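Engineer: Starting from the known structure of chain A, fit chain B onto it as the hints suggest.
2 protein chains.
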Amino acid sequence: MSRLVVVGGDAAGMTAAATARRRDRNLEIVAFERSAHTSYSACGLPYFISGLVADAADLIARSPAEHRALGVPVQTRHEVIAIDVEAKRVRVRDLDTADERDEPFDVLVIGTGATPVRPELPGAQAAGVFGIQTIEDGIALHDWIEREHPRQAVVVGGGYIGLEMAEAMKHLDVDVTLIERHDQPMGTLDPDMGELVADALRGIGISLRLGTDVSSFATRPDGRVRAVVTAEGEIPADVVVLGLGVRPNVELARHAGITIGDRGGIRVDGAMRTSAADVYAAGDCVESWHRLSGRHVVVALGTHANKQGRVVGINVTGGEASFPGVIGTAVTKVCAYEVARTGLGEREAADAGFDAVAVRVDSTTRAGYYPGSTPITVKMVAERGTGRLLGAQIIGQEGAAKRIDVAATAIWNEMRAADVAMLDLAYAPPYSPVWDPVLVGARKVAELV
Amino acid sequence: MSRLVVVGGDAAGMTAAATARRRDRNLEIVAFERSAHTSYSACGLPYFISGLVADAADLIARSPAEHRALGVPVQTRHEVIAIDVEAKRVRVRDLDTADERDEPFDVLVIGTGATPVRPELPGAQAAGVFGIQTIEDGIALHDWIEREHPRQAVVVGGGYIGLEMAEAMKHLDVDVTLIERHDQPMGTLDPDMGELVADALRGIGISLRLGTDVSSFATRPDGRVRAVVTAEGEIPADVVVLGLGVRPNVELARHAGITIGDRGGIRVDGAMRTSAADVYAAGDCVESWHRLSGRHVVVALGTHANKQGRVVGINVTGGEASFPGVIGTAVTKVCAYEVARTGLGEREAADAGFDAVAVRVDSTTRAGYYPGSTPITVKMVAERGTGRLLGAQIIGQEGAAKRIDVAATAIWNEMRAADVAMLDLAYAPPYSPVWDPVLVGARKVAELV
Chain A
1 MSRLVVVGGD AAGMTAAATA RRRDRNLEIV AFERSAHTSY SACGLPYFIS
51 GLVADAADLI ARSPAEHRAL GVPVQTRHEV IAIDVEAKRV RVRDLDTADE
101 RDEPFDVLVI GTGATPVRPE LPGAQAAGVF GIQTIEDGIA LHDWIEREHP
151 RQAVVVGGGY IGLEMAEAMK HLDVDVTLIE RHDQPMGTLD PDMGELVADA
201 LRGIGISLRL GTDVSSFATR PDGRVRAVVT AEGEIPADVV VLGLGVRPNV
251 ELARHAGITI GDRGGIRVDG AMRTSAADVY AAGDCVESWH RLSGRHVVVA
301 LGTHANKQGR VVGINVTGGE ASFPGVIGTA VTKVCAYEVA RTGLGEREAA
351 DAGFDAVAVR VDSTTRAGYY PGSTPITVKM VAERGTGRLL GAQIIGQEGA
401 AKRIDVAATA IWNEMRAADV AMLDLAYAPP YSPVWDPVLV GARKVAELV
Chain B
1001 MSRLVVVGGD AAGMTAAATA RRRDRNLEIV AFERSAHTSY SACGLPYFIS
1051 GLVADAADLI ARSPAEHRAL GVPVQTRHEV IAIDVEAKRV RVRDLDTADE
1101 RDEPFDVLVI GTGATPVRPE LPGAQAAGVF GIQTIEDGIA LHDWIEREHP
1151 RQAVVVGGGY IGLEMAEAMK HLDVDVTLIE RHDQPMGTLD PDMGELVADA
1201 LRGIGISLRL GTDVSSFATR PDGRVRAVVT AEGEIPADVV VLGLGVRPNV
1251 ELARHAGITI GDRGGIRVDG AMRTSAADVY AAGDCVESWH RLSGRHVVVA
1301 LGTHANKQGR VVGINVTGGE ASFPGVIGTA VTKVCAYEVA RTGLGEREAA
1351 DAGFDAVAVR VDSTTRAGYY PGSTPITVKM VAERGTGRLL GAQIIGQEGA
1401 AKRIDVAATA IWNEMRAADV AMLDLAYAPP YSPVWDPVLV GARKVAELV
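Top line first, the protein sequences correspond to chains A and B.
Read in this note's numbering, the first sequence has 214 at position 214, and its numbers run on one by one without any break.
Quick note: to get this note's numbering, add 1000 to the position in the second sequence (first position is 1).
Just chain A, with the same shape it has in the complex (with noise of 0.2 angstroms):
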């Protein structure tokens, strides 16, 4: 009998093992976990702050007991320290005992997540200033702001989740300034669908501070956080939270002589297998292939980590699955604007070594005449020559963003613009134009190419 060893206890090594436990009810499987949680949504964070989610327990998808209940014993508390490849063991310390110990494995799967970055800067550990990538991270600003009751945060980085913070601060009343050093909002957009962010953002009171470095962070005597400082001067802030994405955590497989890619994160194949024998990764702390451009990312999704998980727990147990590559689709959402993007942008596309022209569409989410129809720009990226389809980003309100989901499959399956074109989708005047934004946007940019 086989023994399944899993570090980490977010959602890809979790998913992993419970796919295993389907599929072999005969596997032994362990899963260490250093925190006292498994498998949450880390992206439903900003909504736990904001108060639309009312308990951090609801972004529980799977508890340690529920798990343990289907079959997979999960330790928690209990943080893996070291691996040995050669031995096929790993060394395990009880958090709570700090006694240690090792645990053989046949088979491993590294799960061990990302942390956000933070700037090496004064103060940047001050009270007050909060990443937010794993749950206690959420639950220690979200006491923060129930005892504290700030008036004013800062929030330094223009990405997803900065974006996410800003909206959670502005639900709670609090002014919100964010601080991106890029000169826009959301760097992984075009400069021009990126300025239309920007404007967004300010029409729904969000103070911009773009093309902006943070120095350092002022601090009371007390301790706490008290104003962002920067070159053109102070932003009071009662609160801080970084945005500043995340790094993969790849230090247990980096001393263990596991191949790190360079991107940062841990490098794997197709059937999510490392450098070394019977040990696999899946998450946030690895390499991605990006299909358009053919080179490694490093994209921190749950829906990724859920995808690589499932493919990890079948290759495990006999079965042949592969994670097919990513392009980039993501999408968030800031009031009542949604933003979604896939593919490579402009710049991303000639950085790939395409030659490629671009058209930016300005449509109306549903038929214009019916209620509820708000304008949606969408922009749209193909390959000069051949036509196909490169990109899409979008910018709208109700009912935008998920319309990036068709350009998306489309640039999977490397379709011509001109072909998207004529694609049927469904029409309705509640839920389209005759011709839906998608198909304006590939029908403009066919006729570039």
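Think of the hints as simulated: they come from the structure by calculation, not from any bench.
Don't take each hint at face value.
[Claimed, not checked] If we take Cβ atoms under 7 angstroms as the criterion, some of the chain B residues that face chain A in the derived model are:
no. : residue
1   : S1050
2   : V1053
3   : I1404
Model, not experiment: these values are computed from the prediction.
Cβ atoms here follow ideal geometry from the backbone N, Cα and C, with glycine treated the same way.
Structural biologist: Chain B only, in chain A's frame:
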């Protein structure tokens, strides 16, 4: 210089004319339309009836005057009564003066649209019994409602238009009974999904009479409708809406010797050419090719009409465009419920010669913990052996229906269900669970093939 004559002022014909005009400023164009209106959204009529759209004029995308200003001279209240494909001329009657004249063409476009099916039953022509296809139909019904204040409506036919008209009547606080001769509403869905639609309709207070044939319409002494008569008795009605679908208007083409297909529409090739040289047809009067079944179908949908008109406009001006066919995508809304389908249902797949398997999954439109998350049911049909996705059906509430477009795009590209399950779709808690319902459906059906 060439002369283009367009028969019919609906979306297909006028899109053809407008596209041709944009591509060729010198082309002589003349369009004839027997009504006073052009380019309106018949799909929007239910929302004019319900009052959601205040003015019938809002449904008009481009009026005759606007067409003329853009270089497309359209003569309204002019009916083409004969086509001579050999002599290349049409016979036109001025409906106001009854004058007739011949008009020569080099290229002809037939866009004669469709007419609602009226059952040949006693009383079917009674005052208060309405079909809904043209804007005149809509205005007539609207006026009737304003004048008569009906309290009991019967909708005959449980297809898209029937459901939308039932919703419209509910909006007006009129009691609604829906009569459908088959055992389920939405005959384009599989019975198990049709049952869910039936439950939803009952839940919003619409009385259903399924498996029920109308035998006649009973009238009052003044000739107005009083009740709908069935084998199970009379259903009182002071207004009746026929939602029995439409029939292509092909008599003009048929008399000209142009080939009519076995489904009753004008037969065209991919370039939208009819059997007669230099005669094209587009819109609700033609048959389309179904990419999955390989059969011809008649689908009256504005989105097809617009695409087909554009293809014609390109082809008659020296370009090369092709309408690539349909896969049966459709969507409708009934109060809070959204219903959509694409590809082949179980029965249709069997009819088309596929060995099909199917699965139904229940999920939510957003992350379960996110406010506004509502149930969604997704059915997926795939081909045994190849694993190819053949069809999808969706029932849910806000945010459910347009997900059908992902399935449509996947089916269009002949994707395997297992590959659909790994698509990089947009995930964030306000938009989707971590596994989008479409991914779950694809994953589950992939396990059966």
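Engineer: Run every hint past the structure and note whether it holds.
Structural biologist: Here is what the structure says about each hint:
no.	hint	in the structure
1	S1050	violated (10 angstroms)
2	V1053	holds (5 angstroms)
3	I1404	holds (5 angstroms)
In summary, the one numbered hint that this structure violates is 1.
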